[in-house]
Amino acid sequence: MRALRLALAGALSATALTAATLASTAGATTTLKGCDSATYKTSGKLTVGTDNPVWEPWFSNNKPSNGAGYESAFTYALARKMGFSKANVKWVTVPFDASYAPGAKSFDFDINEISYTPQRARTVEFSKSYYNVQQSVVVLKTSKYANVTTLAGLKGAKFGDQVGTTGMTYITKYIKPDAKPRAYNTLDLAVAALQSKQIDAIVVDTPTGNYMVNVQITTKSGKALAKQIGQFKSVGEHFGVTFQKNSKLVACVNSAIAALKADGTLKRLSNQYLSDYTAVPLLK
Amino acid sequence: MAPGGRAVREFFLSPTHAWRAFIGDPSEGLSAIWEGFLTNIWMFIVCEVLVLIFGLAIAVVRMSSSPILTPLRFLSTVYTDFFRGIPVILVLFAVGYGVPGMDLGWISQQSPTVYACISLTITYSAYVAEVYRAGINSVATNQLVAARAIGLRQGATMRYVVLPQAVRNVIPPLLNDFISLQKDTALVSTLGIVDATQAAHIYGSLNFNFAGYTVASLLFLLLTIPMTRLTDRLINRDRVKRLAFIS
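Here the protein sequences line up with chains A and B, keeping their order.
Note that UniProt numbering has the first sequence beginning at 1, numbered continuously upward.
Note that UniProt numbering has the second sequence beginning at 1, numbered continuously upward.
Possibly wrong hints are sitting among the right ones.
Unchecked claim - Across the chosen pairs, the derived CB separations fall in these ranges:
(1) A:Ala98 with B:Pro15: 39 to 49 Å
(2) A:Asn62 with B:Ala94: 18 to 28 Å
(3) B:Gly101 with A:Lys155: 44 to 54 Å
(4) B:Asp25 with A:Asn132: 22 to 32 Å
(5) A:His238 with B:Asp25: 34 to 44 Å
(6) B:Ala140 with A:Asp178: 51 to 61 Å
Said to hold, decoys possible - A few chain A positions that, by computed beta-carbon distances, are all more than 12 Å from chain B:
(7) Gly34
(8) Ser60
(9) Leu151
(10) Ala259
Unchecked claim - A short list of chain A residues far from chain B (calculated; beta carbon distances all over 12 Å):
(11) Arg122
(12) Thr242
(13) Val280
(14) Lys284
Quick caveat, the hints were computed from the structure, so don't treat them as lab data.
In this text the structure is predicted, and so the values were computed from the model without any measurement.
All C-beta atoms in this analysis are idealised placements derived from N, C-alpha and C, irrespective of residue type, glycine included.
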């Protein structure tokens, strides 16, 4: 029995080795640092996880594979750097909670506006930043908080955010509101609560908030009903793609991100998809 | 142990994470699970009282034989059929987002906890009404005949003869529904309320660790197990008392 097991193990690791060789030859068009030792879930393919639904402006029309939206476009640019054609990028649906649960992952990396925090990095691997993010406050135009410009002015407001997003940290750390903040399971539920005046304000990353006020919370004719009254000053928060702990792919993705930064692709993509928000003032 | 055992243990059982989740930390956006659990407890208490009242009312109406009550009887049948058939979470959505959305003045301006209580009461009253009905049916017919023989009217028969016996008979199934209600207070997180499970969820996704869920489970057990034991004792005491008449 033991001999059989050993033989099996040998055969398996041999297959794994061949797979690894195959995989690295599949990505052979790249000379990026760290990519020669990279292994992939399915050889010859880059398997990328994200949630369903996904939101503008990070994705477009809830279709990660269309190459539109910042994160989708970024993923394809990244894949190209790593030597994968568009056809070899495979998307899989990964609910946020499943992206960090223990056990084997169904993806090479997951991209879903996930902010780096040191606590999170103990469970998963993070790539370097592909977007430096700030958080903003969205209120209804008819709200009594619509003209507030300071953090102190928001103390009396009822806050909500999407559960598990870093927005909650900003609420309880910087605003310290009188009423207990609410946490909604999805972003659209938080929006529904804002529209029905169950809450006064949502804290959400600035690009998403920008999409909310320009597209999501509008009249039928497209007139905005909400506004972004301001954003928190940057505290170095950034998005990274996440990997299984000890993934062999981190170095490769990091050098690809560095290359995208160096050749101006990241800047171009953020201008294309996320530029509108730069006008949002800082909350004092 | 499974190959991933260590990782799973750390993910669900890490004492450091469990403690941090339990006490919370506003500077990191973490709600305290113990504080969230207080919300579960008082919601459950308020809902339980309301459910006992409404459930009984529905059952009594449904079991009545007076011709005047026929429309109400019909309504109560439709009510139990309808609300036993719909998942609680959908009732929560409909009430919790629908009612405030209708812009009906003060009715639409209540806090989510109020809508959550209403939703749970609506659903559980339907279940509990059926439990009461079973209890009423379990009272022997000769009791009714005897009550009539000593000159009690229908209402008085119900009040003094049927219900006291019926309720006693259904205490165990009632308790079943209440334990279920205690656990379903966790569903109120769909309305944004930060109860114990939502606090655990927040902790989990900001730290990528699920020890908070374990803490929440333990708190729920601390609530349900003593209650089960207590009810068992009450039932036994009652049984002994009743048997005393025979011996």
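Distance restraint hint 39 to 49 Å, applied to the beta-carbon atoms of A:Ala98 and B:Pro15
Because 25 Å falls outside the window, the suggested range is violated.
Would the least Cβ to Cβ distance between A:Ser60 and chain B come out above 12 Å?
25 Å, holds
Satisfaction of the hinted span 34 to 44 Å by the C-beta atoms belonging to A:His238 and B:Asp25
22 Å, violated
Against chain B, does A:Lys284 hold up as non-interface, every C-beta pair farther apart than 12 Å?
Holds: least Cβ distance 20 Å, greater than 12 Å.
Beyond 12 Å from every chain B Cβ: check whether that's true for A:Arg122.
7 Å, violated
Exclusion check [A:Thr242 not at the chain B interface, CB over 12 Å]:
Violated, since 9 Å does not exceed 12 Å.
Least C-beta distance between A:Ala259 and chain B, which was stated to exceed 12 Å
28 Å, holds
Is it true that A:Asn62 and B:Ala94 lie within 18 to 28 Å of each other by Cβ?
Since the Cβ atoms of A:Asn62 and B:Ala94 sit about 24 Å apart, the hinted range of 18 to 28 Å holds.
Chain B versus A:Leu151 - minimum CB to CB distance exceeding 12 Å, so not interface:
Consistent with the label, A:Leu151 stays out of reach of chain B, its closest Cβ about 15 Å off (over 12 Å).
Please verify that the nearest CB of chain B lies beyond 12 Å from A:Gly34's CB.
Since the minimum Cβ distance to chain B is about 24 Å, A:Gly34 lies beyond 12 Å and the statement holds.
Hint check for A:Asp178 and B:Ala140 - Cβ pair distance inside 51 to 61 Å:
59 Å, holds
Please check whether B:Asp25 and A:Asn132 have a Cβ separation lying inside 22 to 32 Å.
Cβ of B:Asp25 to Cβ of A:Asn132: about 25 Å, so the range 22 to 32 Å holds.
Of the numbered hints listed earlier, those contradicted by the structure are 1, 3, 5, 11 and 12.
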